[in-house]
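*Asks:* Here is what each chain is made of, one letter per residue.
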Amino acid sequence: MRRPITLYGLTFSLPLLVWQILFFVFPLLFLVALSFWTVKNFTMRPDFDTVNWTTMYGRAVFWQAYGTTFALATAASVLTSTLAFPCAYAIAFKLSDSARRWAVFLMVIPFFTSYLVRVYSWQIFLSDNGIINVILGWIGLGPFPLLNTVGATMIGYLTLSFPLVVLLQLFSLVFIERTLIEAAHNLRCGRLRTVFAVVIPSARVGLVIAALFCFILSFGDFVSPVYLGGGEPTTLSILITDTTKSGQQWPRAAVIALTMIGTLMLVAFAAVKFAYKGKTR
Amino acid sequence: MQRDTLVSFEGVVKRFGDFVAVQKLDFEIRKGEFLAIMGSSGCGKTTTLRMLAGLEGPSEGVIRLSGKPINDLPTWSRDTPMVWQSLALFPFLNVRENVEFALKMRGVGKVERRRRAEQWLDRMQITEFAERNISQLSGGQRQRVALARSLVVEPEILLLDEPLSALDAALKVRMQSVLKNLQRETGITFVYVTHSQSEAFSMADRVVIMSRGKIEQIGTPQEIYRTPRTRFVADFLGSSNLFTGKVRSDGQGLALDTPVGQLALAPGATNDIGDTATLTVLDTKTHLSISAPTGSVNVVPVRVIGEEFVGATATLYLETAHGQEIRVQKGHDELADLPLGTGQSLYAWWNPQDSHLVAEA
Chain G
1 MRRPITLYGL
11 TFSLPLLVWQ
21 ILFFVFPLLF
31 LVALSFWTVK
41 NFTMRPDFDT
51 VNWTTMYGRA
61 VFWQAYGTTF
71 ALATAASVLT
81 STLAFPCAYA
91 IAFKLSDSAR
101 RWAVFLMVIP
111 FFTSYLVRVY
121 SWQIFLSDNG
131 IINVILGWIG
141 LGPFPLLNTV
151 GATMIGYLTL
161 SFPLVVLLQL
171 FSLVFIERTL
181 IEAAHNLRCG
191 RLRTVFAVVI
201 PSARVGLVIA
211 ALFCFILSFG
221 DFVSPVYLGG
231 GEPTTLSILI
241 TDTTKSGQQW
251 PRAAVIALTM
261 IGTLMLVAFA
271 AVKFAYKGKT
281 R
Chain W
1 MQRDTLVSFE
11 GVVKRFGDFV
21 AVQKLDFEIR
31 KGEFLAIMGS
41 SGCGKTTTLR
51 MLAGLEGPSE
61 GVIRLSGKPI
71 NDLPTWSRDT
81 PMVWQSLALF
91 PFLNVRENVE
101 FALKMRGVGK
111 VERRRRAEQW
121 LDRMQITEFA
131 ERNISQLSGG
141 QRQRVALARS
151 LVVEPEILLL
161 DEPLSALDAA
171 LKVRMQSVLK
181 NLQRETGITF
191 VYVTHSQSEA
201 FSMADRVVIM
211 SRGKIEQIGT
221 PQEIYRTPRT
231 RFVADFLGSS
241 NLFTGKVRSD
251 GQGLALDTPV
261 GQLALAPGAT
271 NDIGDTATLT
281 VLDTKTHLSI
291 SAPTGSVNVV
301 PVRVIGEEFV
311 GATATLYLET
321 AHGQEIRVQK
331 GHDELADLPL
341 GTGQSLYAWW
351 NPQDSHLVAE
361 A
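Residue numbers (this note's numbering), protein chains in the order written: chain G, 1 to 281; chain W, 1 to 361.
It cannot be assumed that every hint is accurate.
Cβ-to-Cβ under 7 Å is the rule here; a few derived chain W residues that face chain G [claimed, not checked]:
id, residue
1, LEU55
2, GLY57
3, GLY61
4, ARG64
5, LEU65
6, PRO69
7, LEU73
8, PHE101
9, PHE201
10, TYR225
11, THR230
12, PHE232
Calculated from the structure, these hints are not laboratory results. The structure displayed is predicted, hence computed values, not measured ones. Ideal Cβ positions, reconstructed from N, Cα and C, are used throughout, including at glycine.
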């Protein structure tokens, strides 16, 4: 049954509503409008022209960047989820209650420092004269080009989302009923097999949501592909800045931004649908 | 060790830190019996069951299954399937997949798996729900799925941890007969943990009564009901009136000196004079009359303080001059001639043969 909206309820939900309209709906609508404007002699003019959409969608460089970004974000979600899971599993099932609280605290600490700062500090480790290469030099190896590689970008994505993914996975793992795990053991399901047969299916919603968050963060990230990946290969976020810099092409940048938003919405929708598949059959 | 022993507990102790959950358990479970382990919460009954399932390891002692020690065998290497109080069905699998789970873990092929699961779905009358999710089933249906899931591997022994506690009264009674019949037909040894006397006594061949980590009594329901071994058991069953006092000689035989007077003991009582002991007499064997019956030895004057009617039987609550409560259970027709208003003075009496002396105070 739907409850009628009361003045009381409205008063408390109003700030959120105003916020959403002011800072999400309005800018989004503006972005949509902007994507139909035209640019003549480095100045934007309000217009209704589909030229930006046809131009951008007609360019190979756009689709290349799109493919790259999608592939990198997918790889980051898979990699982060895979590396985070043993960590979250250990915190959830192997630690004592007090140790678990400390572990959660440690996972929050990275958020104390700006992501940009953390990425910069990775440069110190990864550059040709960086800590890793110096140490490798002592035993006569290297230097290996570590910075400005896809691998470095991936490290950046991990820096961005690993703690968050661990926390999200952890929250779904701690709510698994312990008797389910005992029941599986009792029915001759060994330890490792129980992880795949019981733990992962039980925590599926949380695990998918965690991976989705990693995808969303990595898909739109600008810092890692630039400062660790060296801007190669071009991602959509880099393409947006390039487009705005070259001849005030804000409308074309809006096309890219809207495409990204649309993609994330589709991915999020598909992920949530997959996560809850079979839950209410 | 007897030939038909399936499980034996030999000096089993379980400690959790400083807390002793189970102290020195020594008992045997016979092949093919329905054994109930009964006690109030915290008495160690569930811990005992979990040790048998391999979910807890004993701190001391040996547990043997078919003669072999199983202390160090992890639960996934034993064939001791358990039915949990919460049932612990896998919510991400449908009914059929739940039932097939144990077979899959044993590497039984797909066709064979399906055939055997089908048999048990049919036996538990849940075939029509085979493709449903667990969340779509009623309590009773879930119960049947849990049983099928554990029994599909046709184990020698099935462990049940208060599986009926979540059901309503009517369904509970129905499931009791389902369980009892299942046990009789399959011949599988059932070990059933419960705090409910009615469940234990209506289903079990033998009952183990536990208190504070120790066994108080093992026996058939009739044995325990008629001759409780300790005061705790008599108290716990709640179906007897208890009189505590000192044993003394009364010339011909033994008697018990209690606050309600000297009580004659059943012939053949062999307690030592001077011992503190408790006389128990079933509330169904305690009689009432308006005047002191002549020739009867154990007569206690009482006052009516309340009554309770359930179906054809009435329970009368009475009080002695010393404030001790006495209960009497009778059919309505047996009470027809008695005035039963509150405060009414009556005499409670019983035959010494119907009483029974337990050692501890």
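*Asks:* Should the interface hint for W/ARG64 be scored as holding, given a Cβ-Cβ cut-off of 7 Å against chain G?
*Replies:* Nearest chain G Cβ about 19 Å off; hint violated.
*Asks:* With chain G as the partner, please determine if W/LEU65 meets the hint condition of a C-beta pair closer than 7 Å.
*Replies:* violated, 14 Å
*Asks:* Checking hints one by one. Is W/PHE101 an interface residue toward chain G, by the C-beta closer than 7 Å rule?
*Replies:* With Cβ-Cβ at 6 Å, under 7 Å, it holds.
*Asks:* Next item in the hint list is W/THR230. Is there a CB on chain G closer than 7 Å to its CB?
*Replies:* violated, 33 Å
*Asks:* Under the criterion of a CB-CB separation shorter than 7 Å, is W/LEU73 in contact with chain G as hinted?
*Replies:* Violated: closest Cβ of chain G sits about 12 Å from W/LEU73, beyond 7 Å.
*Asks:* Close enough to count: is the Cβ of W/PHE201 nearer than 7 Å to one in chain G?
*Replies:* violated, 27 Å
*Asks:* Would you settle whether the hint for W/GLY57 is holds or violated, based on the nearest Cβ-Cβ distance to chain G being less than 7 Å?
*Replies:* With a minimum Cβ separation of about 13 Å from chain G (threshold 7 Å), the hint on W/GLY57 is violated.
*Asks:* So, as I understand it, the hint says W/TYR225 touches chain G; can you test that by seeing if any CB pair is closer than 7 Å?
*Replies:* violated, 33 Å
*Asks:* Does W/PHE232 hold up as a contact with chain G if the rule is Cβ-Cβ below 7 Å?
*Replies:* It is violated, given that the least Cβ distance between W/PHE232 and chain G is near 30 Å, above 7 Å.
*Asks:* At a threshold of 7 Å, is the proposed contact between W/LEU55 and chain G supported by beta-carbon distances?
*Replies:* holds, 6 Å
*Asks:* Does the closest beta carbon of chain G sit nearer than 7 Å to the beta carbon of W/PRO69?
*Replies:* violated, 19 Å
*Asks:* Is the shortest C-beta separation between W/GLY61 and chain G less than 7 Å?
*Replies:* Status violated, d = 22 Å.
Taken one by one, the earlier hints fail for this structure at numbers 2, 3, 4, 5, 6, 7, 9, 10, 11 and 12, listed in ascending order.
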